Every structure is written in structure tokens, then in C-alpha cells.
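Chains as they are written, first to last, in the numbering used here: chain A, 1 to 335; chain B, 1 to 335; chain C, 1 to 335; chain D, 1 to 335.
Keep in mind the hints are simulated off the structure, nothing from the lab. This one's a predicted model, so the numbers in the text were calculated from it and none came from an experiment. Don't take every hint at face value.
Pairs involving identical chains hold if they fit within one copy or between any two copies, as the list cannot separate such chains.
Dumping the calculated DMTMM-like pairs for lysine to aspartate or glutamate here, alpha-carbon to alpha-carbon at most 25 Å [said to hold, decoys possible]:
# : residue 1 : residue 2
1 : K122      : D106
2 : K78       : D323
3 : K271      : D117
4 : K166      : D53
5 : K261      : D220
6 : K166      : D248
Number of protein chains: 4
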Amino acid sequence: MINVAIVGASGYTGLELIKILVNHPQFNITYISNSQGGINVKDLHPSLDGVIDMEVQKADAKDISEVAELAFLALPHKASMGFAKQLIELKVKVVDLSADYRLELDTYEEYYCPHEDKENLKHSIYGLPEFYDGLIPNARLIANPGCYPTATLLALVPFIPYIDPKSNIFIDAKSGVSGAGKKLSDTTHFVNVNENIFAYNPFGHRHSPEIAEKILELTDIKANINFVPHLIPVNRGMLISIYATLEDVCDVKAILKEFYKNDTFIRVKDKPVTIKDTAGTNYCDIFVEQNGNSLFISSSIDNLLRGASSQAVVNANLMCGFDEDLGISKIAYVP
Amino acid sequence: MINVAIVGASGYTGLELIKILVNHPQFNITYISNSQGGINVKDLHPSLDGVIDMEVQKADAKDISEVAELAFLALPHKASMGFAKQLIELKVKVVDLSADYRLELDTYEEYYCPHEDKENLKHSIYGLPEFYDGLIPNARLIANPGCYPTATLLALVPFIPYIDPKSNIFIDAKSGVSGAGKKLSDTTHFVNVNENIFAYNPFGHRHSPEIAEKILELTDIKANINFVPHLIPVNRGMLISIYATLEDVCDVKAILKEFYKNDTFIRVKDKPVTIKDTAGTNYCDIFVEQNGNSLFISSSIDNLLRGASSQAVVNANLMCGFDEDLGISKIAYVP
Amino acid sequence: MINVAIVGASGYTGLELIKILVNHPQFNITYISNSQGGINVKDLHPSLDGVIDMEVQKADAKDISEVAELAFLALPHKASMGFAKQLIELKVKVVDLSADYRLELDTYEEYYCPHEDKENLKHSIYGLPEFYDGLIPNARLIANPGCYPTATLLALVPFIPYIDPKSNIFIDAKSGVSGAGKKLSDTTHFVNVNENIFAYNPFGHRHSPEIAEKILELTDIKANINFVPHLIPVNRGMLISIYATLEDVCDVKAILKEFYKNDTFIRVKDKPVTIKDTAGTNYCDIFVEQNGNSLFISSSIDNLLRGASSQAVVNANLMCGFDEDLGISKIAYVP
Amino acid sequence: MINVAIVGASGYTGLELIKILVNHPQFNITYISNSQGGINVKDLHPSLDGVIDMEVQKADAKDISEVAELAFLALPHKASMGFAKQLIELKVKVVDLSADYRLELDTYEEYYCPHEDKENLKHSIYGLPEFYDGLIPNARLIANPGCYPTATLLALVPFIPYIDPKSNIFIDAKSGVSGAGKKLSDTTHFVNVNENIFAYNPFGHRHSPEIAEKILELTDIKANINFVPHLIPVNRGMLISIYATLEDVCDVKAILKEFYKNDTFIRVKDKPVTIKDTAGTNYCDIFVEQNGNSLFISSSIDNLLRGASSQAVVNANLMCGFDEDLGISKIAYVP
């Protein structure tokens with residue numbers, strides 16, 4: 001059994017981490033914290049009453065290091081860096097769910113804020129198992145990918161070599177409201193969201209450079225990424241619709257099937273994917289279709305799970321030498 | 001390992017049975033059937049692709065008896081009786097999710113149709129574990145309770161001795177649409193249900209006599225049950241609001257807490273319950289409040305799980321000598 | 001044409017007032033205000049772009065009196081009183097949508113706060129047209145009823161003489177989220193409300209004494225009101241389910257039909273009512289059923305319209321000598 | 001007053017036609033029919049109880065011609081042709097909401113079925129007022145555009161001259177469930193749609209050739225249209241996200257503003273559009289953004305109104321010499 005800590009237990013991804021780890025055969029939750037402490041987990045998350053009974057601590061790196069070998073950080077960007085730095089110094093392995101260690105220094109500082117841990121940034125591994133599984137097992141610090149980038153990269157990377165490099169790639173992304181977090185705002189007020197849909201931050205979202213950077217890293221091709229997210233009136237789920245132009249005719253369905261034939265958590269579908277089929281699981285479902293030289297790729301993930309918490313635990317599994325799917329849910333919230 | 005069969009795998013409760021049993025530590029699914037066969041489970045339920053790979057058979061009792069010791073029947077009423085009869089003759093234990101074995105003969109024939117298996121009806125055990133756990137372990141045939149009756153009985157039975165027997169008990173029940181089943185009808189058309197709520201079948205629902213009969217059986221009191229169900233625009237979940245008149249002043253919160261202090265799957269709450277907190281679990285959450293001699297009890301269950309499939313597996317656990325919560329989910333679909 | 005002012009234009013009921021009055025044949029909007037001013041209505045409410053182009057003022061009673069003869073106050077309780085007092089002194093007629101003038105002084109001060117305009121409180125008229133239409137035309141100050149009381153009183157008052165006065169009357173109310181207002185809170189966060197339902201403030205809601213008081217006023221009978229509201233995952237709409245015990249057998253459907261045979265805005269239905277059928281209109285749909293001496297009444301209104309803004313304009317119509325339905329919508333938001 | 005008939009009153013677009021025409025200052029509904037007759041409109045559409053009281057006829061062209069000068073056909077494709085033909089012979093003006101008269105003969109027969117009224121097809125006018133208003137006033141037969149094409153053409157046509165003609169244009173369309181009609185199917189079952197989103201018929205939807213044909217007709221440019229629709233879990237509303245590649249740098253916001261400066265029913269927005277802001281109205285809201293040579297256009301309409309019924313009445317207004325916005329709603333279903 002490996003002892004693990006969950007830092008930032010108040011939010012949705014924190015809750016999902018607890019839900020996965022509480023029944024994990026090899027991980028033992030020995031520490032849960034948020035910024036304040038002084039509450040029991042079952043009062044912080046009433047649905048967990050009967051499932052777990054543990055005091056929530058006020059986050060402290062030293063305390064963590066005394067009881068856990070690995071920590072999951074479900075903190076806002078910037079807050080993570082400070083914590084991760086201390087934990088790594090204390091020899092605790094870290095899986096960070098924020099953006100703080102995902103990007104090249106320049107890109108990070110352009111889209112977020114000044115970096116406070118450039119040293120560890122050099123050694124962080126981007127935790128997308130299908131592509132970085134060679135590096136994850138030996139990592140001491142995992143930068144868990146963003147939700148939109150996870151679903152986009154998994155769908156798009158297999159086709160980058162076939163796409164006309166001079167053309168634009170368009171990503172029409174659609175996310176459930178849990179992706180916006182617990183914070184109260186007009187954007188998350190039920191009356192504004194229900195029966196509604198709209199794009200936000202067109203072309204300007206911070207996940208755009210993350211997608212472009214990883215594509216370059218994985219394929220050496222500088223893709224013209226144009227990303228427009230939308231908010232949809234559901235609690236969880238993320239659907240990505242990618243539109244691109246192929247350079248030549250090719251058998252896109254065969255390419256996709258072949259690319260992922262050995263990947264447990266990718267399901268290649270023969271009809272357009274739905275978000276309900278992946279909700280509650282770590283699966284990414286992908287469908288592809290072509291029309292002349294037009295390419296359409298549709299991918300679906302659970303934004304809180306494959307887009308954050310379950311992918312984090314998959315990374316932790318690999319870091320600790322376990323099978324990637326140990327303790328990871330494959331059973332969807334259907335119907 | 002006990003080999004089990006799922007008969008009636010096409011509907012929602014059939015799907016939920018598969019979801020629970022596929023990972024059950026002691027039950028092994030050896031047979032899945034619907035009325036037609038000729039399809040793989042992962043095509044019948046695409047969200048299970050990667051989780052289970054098994055041919056769906058065209059239901060046959062003899063075939064079942066050769067591969068399974070216990071069968072779950074998720075069939076419409078009337079269809080169950082024929083099947084159960086054959087299976088019991090073939091020495092297969094049966095957990096029936098329909099209404100066919102729940103009621104006294106007279107009541108059944110008044111509200112449903114002529115009974116075709118009066119012999120086994122005499123020996124069936126009503127599968128509500130909190131009340132019938134003494135009888136369930138030795139049963140060969142379990143009549144799994146209806147969803148509305150489960151949530152209502154669990155909330156109401158503790159208070160029957162305190163309620164003025166001459167007064168009316170009112171049950172305002174609210175159910176998610178999965179309770180109506182997969183069948184296409186105006187009642188389940190998205191455009192009619194979304195953004196809408198309405199009562200249906202006021203006072204006339206068949207779950208009304210089931211509730212009254214079990215109360216009489218359990219408490220010897222003939223309660224005046226007045227039951228009005230409503231359809232709410234959610235997929236799953238059931239909220240029961242019970243209104244009654246107490247005979248005398250009593251400490252209702254203490255009564256409730258005491259009554260269920262040893263029951264794993266009942267959570268007594270100190271604020272009104274929500275359906276999300278029980279969705280995905282076998283829990284029944286209950287809250288009670290009084291105002292003078294007015295009593296208000298609020299209970300919540302997942303209509304497909306505690307209201308059908310997970311309760312069925314709990315019953316099977318008890319029938320096979322396992323702990324009631326073996327393989328039973330306690331982790332809610334939250335957020 | 002009568003010049004009217006809308007005070008408190010930022011919220012939902014303020015928006016609904018604008019939507020009704022902008023096309024009203026006899027009312028002319030000459031003044032719109034909120035607490036801050038300095039914005040155009042079409043920026044405050046973007047859906048009204050192209051419909052109305054008017055500066056929103058920072059509320060001032062003197063300014064109002066110079067341009068309007070009648071003012072609609074869509075303010076929180078307590079805030080209304082101060083304003084109404086000034087306006088009445090300035091000879092402006094007032095329709096107040098808050099609770100400030102609805103109740104007897106004692107009741108108001110017990111459930112809200114100290115009253116600051118006891119003089120005008122004595123003369124205010126409760127604006128429920130079906131019952132107070134004799135008094136509304138001459139009123140200078142209308143206390144517009146609460147949403148829950150509107151739907152409850154319309155359903156219940158016809159039956160008070162037939163209900164056993166010693167018995168409890170139970171009201172299970174269900175409201176869409178717009179009833180909670182624009183304010184950000186966990187209760188209105190999409191992720192908490194969507195796919196969810198729960199009771200709140202059982203027996204303690206402030207609309208309870210309003211209902212009881214008006215019943216006493218209208219029927220001389222002191223009814224035992226037990227009111228439990230619930231939040232439902234829809235934007236607008238309110239469904240009330242009333243449960244009571246009749247003293248004797250009577251033809252409840254005939255009673256209801258007869259009672260409202262001349263009322264334009266009451267529709268007596270022969271099956272349980274739905275909230276979609278009244279959404280967008282001033283209608284109150286009512287259905288009644290009995291089971292022995294058990295009574296079930298189901299009523300539906302649009303909480304923002306019949307529960308506030310359209311009823312306010314109906315009252316204004318009567319105060320100004322117009323037909324009650326002048327400019328009032330009867331066309332539902334269906335499908 | 002012009003007497004009008006509504007043929008095909010059972011469906012959603014038929015209901016919306018009634019809702020608009022019942023209060024239209026110049027149109028008088030003298031005939032309503034569906035395929036069966038024998039029912040009153042207020043029983044066919046219970047929300048219209050109190051609004052209209054008229055027998056629904058079994059559709060007959062001769063009968064129509066005796067009481068109406070203009071007929072709205074809200075029938076499925078193929079059914080319309082037979083009717084329209086008869087009505088035109090009887091000198092009744094026709095506004096057809098189906099696809100039967102929208103396309104060139106070849107295109108129609110390739111995507112729908114053999115055409116049964118080639119003669120009238122030659123003279124039909126495509127009823128998109130912003131582009132064909134010169135031809136609509138004198139038309140005897142209007143082919144009301146499809147919902148997806150309406151929203152797409154209004155958004156895209158202004159930019160066709162600026163888009164690289166060799167590049168692909170991608171249209172990611174999202175529609176509420178009312179667009180699928182009243183028919184019962186798995187696609188409209190609440191449990192499948194709620195909390196879900198998915199693409200359907202990628203690249204193959206029949207609206208794709210309609211869009212391409214009209215662009216060619218209006219701009220002489222053969223655009224490479226790639227259209228992928230999605231179903232979203234709302235009742236009404238349609239959001240179109242268009243992605244294209246510009247040939248040169250240009251001021252896209254100025255182009256859009258200029259193009260529609262005189263159009264009453266187009267609102268150019270400075271942030272991404274929402275479907276709630278147009279729900280209940282005839283408005284089309286459009287927003288445009290660029291990123292280098294990437295173009296993103298977002299447009300929103302009410303699929304039942306601007307996408308069908310209100311646009312039909314606008315066309316009828318123009319055919320009868322009335323102002324285009326006579327009797328047309330501009331007030332959104334907000335909140």
C-alpha cells in the first residue's frame with residue numbers, strides 16, 4: 001500500500017480524487033486538506049457520508065511528507081507551484097492537476113503568471129499516458145493535462161501527419177458546467193446556463209497554447225490551432241469537435257483504429273461519440289469521418305475524470321509501478 | 001463464486017444489474033438475455049464497451065439453469081411469473097424485480113392481472129432488507145420491492161406507531177424519467193418533460209396498495225395511504241415527501257435516528273435530503289421534521305439502484321450468505 | 001396612456017415587467033431604475049436589444065413623481081417600504097411586488113423586520129384579483145402577493161369550507177430557480193441544482209403565515225397550514241400540490257368549476273396540471289381529485305408572471321379602470 | 001384583414017404558427033387542419049386553452065380556398081408538394097415550411113424524393129427576407145428555409161467574398177430537441193438526451209446542399225461546405241459555429257456591422273451569442289471574431305421561430321404588403 005495525500009479537497013476534482021482513492025486497492029488516503037481545515041470530509045462532501053470519515057487538514061507540506069509518499073494537488077494555478085516545490089524537496093512524489101508545470105516557461109509566463117519553480121518545471125512530465133507513458137513511471141512530478149487539451153490531443157495527434165500543415169485546424173469544444181468550478185458567478189448561475197449554450201473566450205483560451213505546444217513536442221509539426229470553447233447545460237462531460245483539412249486522401253478510420261489498438265482507455269467508435277458514454281469513466285471515445293479532404297474528429301471525455309482526477313490516478317499508478325487501470329472506473333453514469 | 005444470470009438485459013434496471021455484477025467479488029455473470037438475443041452486450045449498451053464482452057441470449061429457463069444458480073429477472077410484470085416458475089422448478093434461486101410476487105393474491109389480481117404462479121407467490125419474500133432481513137437469507141424467491149414503495153416504506157414505517165390512525169397520510173412522490181422505462185411515449189419525449197413537472201395517476205398508482213399492504217404486514221396498522229406521484233425532469237433519482245398527523249408529541253428526530261442506527265444503507269440527515277446525494281448508490285437518505293402535530297418526512301433514493309437493481313443484489317448477497325454491502329456502490333454521482 | 005415607472009429593473013421580475021409594459025396598449029414606460037443607474041436597459045438585459053432603448057436611472061422618488069402616475073416596485077423587502085412611502089406622499093400610485101405591505105403588522109414584524117410605514121400598511125390592498133377585485137380599483141397601494149401564496153390561495157380557498165377544520169392542510173410546493181432570484185449562492189449554482197431536487201426551509205418559509213392570514217381573512221376559518229417548498233431544476237414555473245382532509249363527501253370537481261366559472265385567468269383542468277402550460281402566461285391552472293375524504297389539489301403558475309409581474313400589471317389595469325387582461329400574455333412558452 | 005389557413009397544426013411549428021397568428025393585427029385564422037381533424041385546437045394544444053377555440057379540420061385544399069387567401073403549410077416534406085400544388089391552382093398563396101420547394105430540382109431529387117410539382121418549383125421563392133426581400137412581395141409560393149440553413153446563411157453570406165475559396169468552411173451546428181419534431185424515437189427520449197450531447201449525420205445532413213446552393217445563388221461562389229449538426233439538451237434554440245479561412249486580412253466586425261445595418265431582425269453582438277437571447281423571437285444574433293486568417297462566426301436563432309414559423313409569417317407579411325415585423329415577437333423567453 002502506498003500512502004497518498006489529497007491537497008485541495010474542496011473542489012470537484014478534489015472530490016473525484018477522494019471517490020477514486022477511497023476504494024483503490026493500492027493507494028491509502030492518509031491526508032486530506034484544503035485551505036482552512038477544521039471540518040470532516042463527510043461534512044465537506046455530504047454524499048460521502050458513510051464512505052469516509054476523516055478530518056480535513058489545513059494544508060501543510062511538512063505534515064504531508066510525514067504521512068504520505070505521493071500527493072495529488074487539486075489547487076488553482078499559482079497556488080500549486082509553491083506547494084509542489086516544498087513537497088518535492090521533502091521527497092514526496094507529486095501529481096499536480098493545475099497548469100503550473102504543463103508548459104514551457106515562456107508560454108506559461110505569457111498566459112498565466114511569473115513562474116515560481118523553474119527548477120522543477122524543467123523535470124516535470126506531462127501526464128498524458130497514451131503519449132508519455134515511457135516517461136511517467138520515473139517521474140517525480142507529473143503535470144496533469146488540462147481537460148480540453150486531453151480530449152483534443154487524443155483525438156488530433158494521430159492525424160497531424162496527414163493534415164495539410166498550411167491549413168487551419170479548428171476545435172469547437174463543448175464543456176459541462178463542472179469545468180468552471182465551484183466558484184459562484186453569473187456564468188454558473190442555473191438560470192443563465194440552463195436551456196442555454198454559448199461560446200466563450202473565442203481563440204483566447206489558455207488551453208490553446210497547451211494544445212499547440214504538445215502537438216509540436218509530439219510530432220515536430222507546428223499546427224495552426226484555433227480553439228473555441230462553449231458552455232453546455234450539463235453537469236459533467238466534454239465533447240470536442242475537430243475540423244481540419246487533409247493533405248491527401250487516406251483511410252482515416254483505419255488510421256485511428258491502428259493508432260490506439262493497444263490503448264486500454266481509448267475506445268474508437270463507429271458512430272459519433274456521446275458524453276454520457278464516458279461520464280463516470282476514464283475513457284476517451286473517439287470517432288472520425290471524412291468528406292473529400294475535410295476531416296471531422298469527435299471526442300468525448302468526462303472533464304472531471306479523464307480531464308483531471310482519474311487521469312491523475314492513472315499517472316500515479318504508473319509512477320508506482322501498478323497497472324494503469326488499477327482502481328480506475330470504466331463503468332459510465334448511464335442511463 | 002456464484003454463477004448468476006440476468007434476464008431482461010435491455011432496459012435500465014438490466015443495465016444497472018450488469019454494472020453492479022460485472023465487478024462483484026462473488027457473483028460471476030454467466031448468462032445475459034433479453035427477448036431476442038443475437039447481439040453482444042457491448043452493442044446493446046455501448047457504454048459497456050471495454051467492460052464486458054458477452055453474447056446476449058434469447059431467454060430460456062433450461063439454458064439458465066445449466067449455467068447459473070441464481071437469476072435476476074428484470075422483466076415487465078406478467079412476463080416474470082412465467083419465467084420465475086420455470087426457474088424455481090429447475091432449482092434456480094430467483095430475485096424478481098417485477099411486481100409479480102410482491103403482493104397478496106387478491107391485491108395483485110385487482111391491480112395487475114390474473115396470477116399465473118400462485119404456488120410460488122405463497123413463498124416469495126418481499127426484498128426490503130431493513131425489514132425482512134430475517135427471511136431473505138433462506139428465500140428461494142425474492143420479490144424485489146417497487147421503487148416508490150422502497151423509499152416510502154423506509155421513511156414511513158418508523159413513524160406508523162406515532163401517527164394518528166384515523167388521519168390521512170399523504171405521499172407526494174417525485175421520480176426521474178428513467179422510472180418510466182425505455183419505452184417511447186409522449187411522457188418520455190424530451191420536449192414534454194424538460195423544464196416541466198406534473199403529477200400523474202393521482203391516488204390511482206399501483207404502488208399505493210403495495211405500500212399500504214406492507215405497512216399492515218409490518219405494523220398491524222391499516223394506514224390511510226394517499227399517494228400522488230410526479231415526474232421530474234432528471235434522469236435518475238426519487239424524492240418522497242410524506243405528510244402525516246401525529247397522535248401525540250414525540251421526538252421524531254430521535255425516533256428516526258434510533259430506528260436505523262444499525263442499518264448500513266440508511267443515512268439519517270439533519271437537513272432535507274437531495275436526490276443527487278444518493279444517485280449511483282444503494283443509500284436511502286431520510287430527514288424528518290415536525291410542526292406541532294404535523295409530520296414531514298423526506299426520503300431520497302436512486303430509483304434504478306436502491307429502487308431496483310442494487311437492492312436486488314443486496315438481496316442476492318443475503319441469500320448467498322454474503323455481507324449485504326458486498327460489491328454494492330456507496331459512491332454517489334456527485335457532482 | 002398612463003405613464004408608469006419600474007423601480008428595481010435589474011432582477012427577473014423587473015425584466016418581466018419591462019417585457020409586459022413595453023407593448024402594453026395603455027401603459028407607457030417613462031422611467032426605469034435600479035440602485036445604481038448609469039446603464040442602458042438593453043445592456044442591463046441584452047435580450048431586450050432592439051426592443052427598448054432607455055437609460056436606467058438611479059432610483060429617486062421625486063424624479064419618478066414628475067414623469068409617472070403609477071410605479072411598480074420590484075425591490076427586496078424592507079427596501080420597498082421606504083420608497084413606497086415617498087411615492088404615495090407624492091401622489092404616485094404604487095404596486096409593490098415585495099412582502100412589505102402584504103401582512104398584518106404583527107405578522108410582518110415577526111417574520112420580516114420592523115415596519116417603517118405603518119400608516120400606509122393600513123390601507124394597502126392585497127393584489128389577488130380573483131378575491132380582492134372589489135377593492136383593487138380604488139386602491140392607491142397594492143401589495144402584490146408572493147408567488148407561493150398566489151398559487152396556493154387560488155387552489156385552496158374554494159375548498160376551505162369543505163375541509164375538516166381540525167385537520168392539517170399540507171402544501172408540497174415546487175419552484176423553478178428563478179424564484180430564488182439573481183443572487184449568486186450555492187443554492188443557485190448550476191451543478192448543485194441540475195439533476196437535483198430537495199425541500200428547503202420545511203414548515204418555516206415566510207409564505208406560510210401569508211397563506212394562513214389570507215385564508216382567515218377570506219373565509220373566517222383558521223386553517224392549519226403546513227408548507228414545505230422544494231427547488232426543482234427548471235428556470236421558471238411553480239407547481240403546488242395540496243393535500244387535505246374533507247369533512248364530508250362533496251363533488252370537488254363541480255365545486256372548483258363553479259367557483260371560477262367567471263374568472264378569465266383561472267383554467268380548471270380535468271387532468272393534473274403542468275408548469276409548461278402556464279409558463280409565459282398569467283394563467284393559474286388548477287386540477288382537483290379526491291379519494292374518499294382525501295383531497296388533492298394541483299395548481300400551476302409561472303412564478304415570475306402570475307407569481308409577480310403579470311399579476312402586478314393586472315392589478316395596475318384594474319387600478320386604472322382597464323380590463324384586467326389588457327396587455328397580459330396568455331400564450332405559453334410551449335414547446 | 002387577410003384570412004389565413006394553417007395546415008399541419010399538430011406539430012411544433014404548427015403550434016408556433018397559431019401562437020403568432022392568433023394575435024396578428026392583420027391576419028385572421030379561418031382554418032386550421034391536421035391529417036385527422038375531429039378535435040378542438042385547445043385539446044390538441046392544451047396550453048392554448050382560453051386563447052383559441054376552433055375545430056381542427058381534416059385538411060382539404062378546396063375547403064381552404066373557400067375561407068382563406070393564404071395558407072401556411074407545416075407538413076413533412078413530400079406531403080407539402082401535393083397540397084401546395086392544389087392550393088396554388090385554387091389561387092391561394094402558399095408559404096411552405098417544408099423542403100419541397102427550396103432547392104433546385106436535381107438537388108431535391110438527390111436528397112429527398114422525386115418531385116411532384118416541378119412546375120411550381122420553378123417559381124418558388126426562397127423565403128430568407130434579408131436576401132430575397134425583393135422577390136418575396138410578389139411571390140405566390142414561398143419555400144420557407146430550413147432552420148440550420150437560416151442561421152448559417154445569415155452568418156456566413158457576408159463573409160463569402162473574403163473567405164479563401166479553395167479552403168474548407170466548417171459548420172458546427174447545435175440544435176435543441178424540438179428541431180427533431182414530435183415523433184417518438186430513441187433520439188428524443190428524455191433519458192438519452194438529457195445530460196448528453198453528440199453529433200449526428202456528420203457531413204451527410206440534407207441541409208448541407210441547401211446551404212451550398214444558396215451561397216452559390218447569392219454570391220456566385222461555390223463554397224466548400226462541411227456541415228456537422230449536434231443535438232443539445234434544450235427544448236428550443238440553435239447555435240451555429242462557423243469556422244473558415246480568410247484570404248486576406250480584413251475588419252470582420254466592421255464588415256458584419258455594415259452588412260446588416262438596416263436589417264431589423266439581425267442583431268450584431270460584440271460578445272458570443274447565446275440561444276436564450278433569441279428564444280421566443282424572430283431575431284438572429286451574430287458575433288464574429290478573427291485570429292490571424294482564422295474566422296469564427298457564431299449565430300443564434302430560435303429554431304421553431306426564425307428557423308420556421310416566425311420567418312414564415314414575416315414572409316407572409318411581405319407577400320401581403322405589410323411591414324415585415326408586424327405581429328412578430330421580439331421579446332425573448334428570458335430568464
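Taking the hints in turn, this is what the structure says about them:
Within a single copy, K122 and D106 get their C-alpha atoms as close as 12 Å, which meets the 25 Å cut-off; across copies the closest is 62 Å, which misses it. For a Cα distance limit of 25 Å, the shortest separation of K78 from D323 qualifies neither inside one copy, at 31 Å, nor across copies, at 47 Å. In this assembly of identical chains, the alpha carbons of K271 and D117 never lie at most 25 Å apart, being 44 Å within a copy and 36 Å across copies at closest. When the C-alpha separation of K166 and D53 is checked against a cutoff of 25 Å, the pair qualifies neither within a copy, at 56 Å, nor between copies, at 43 Å.
With identical chains, the CA atoms of K261 and D220 are at most 25 Å apart within one copy only, with a shortest distance of 23 Å there and 46 Å across copies. Taking CA atoms no more than 25 Å apart as the test, K166 paired with D248 passes in both settings, with 13 Å inside one copy and 15 Å between copies.
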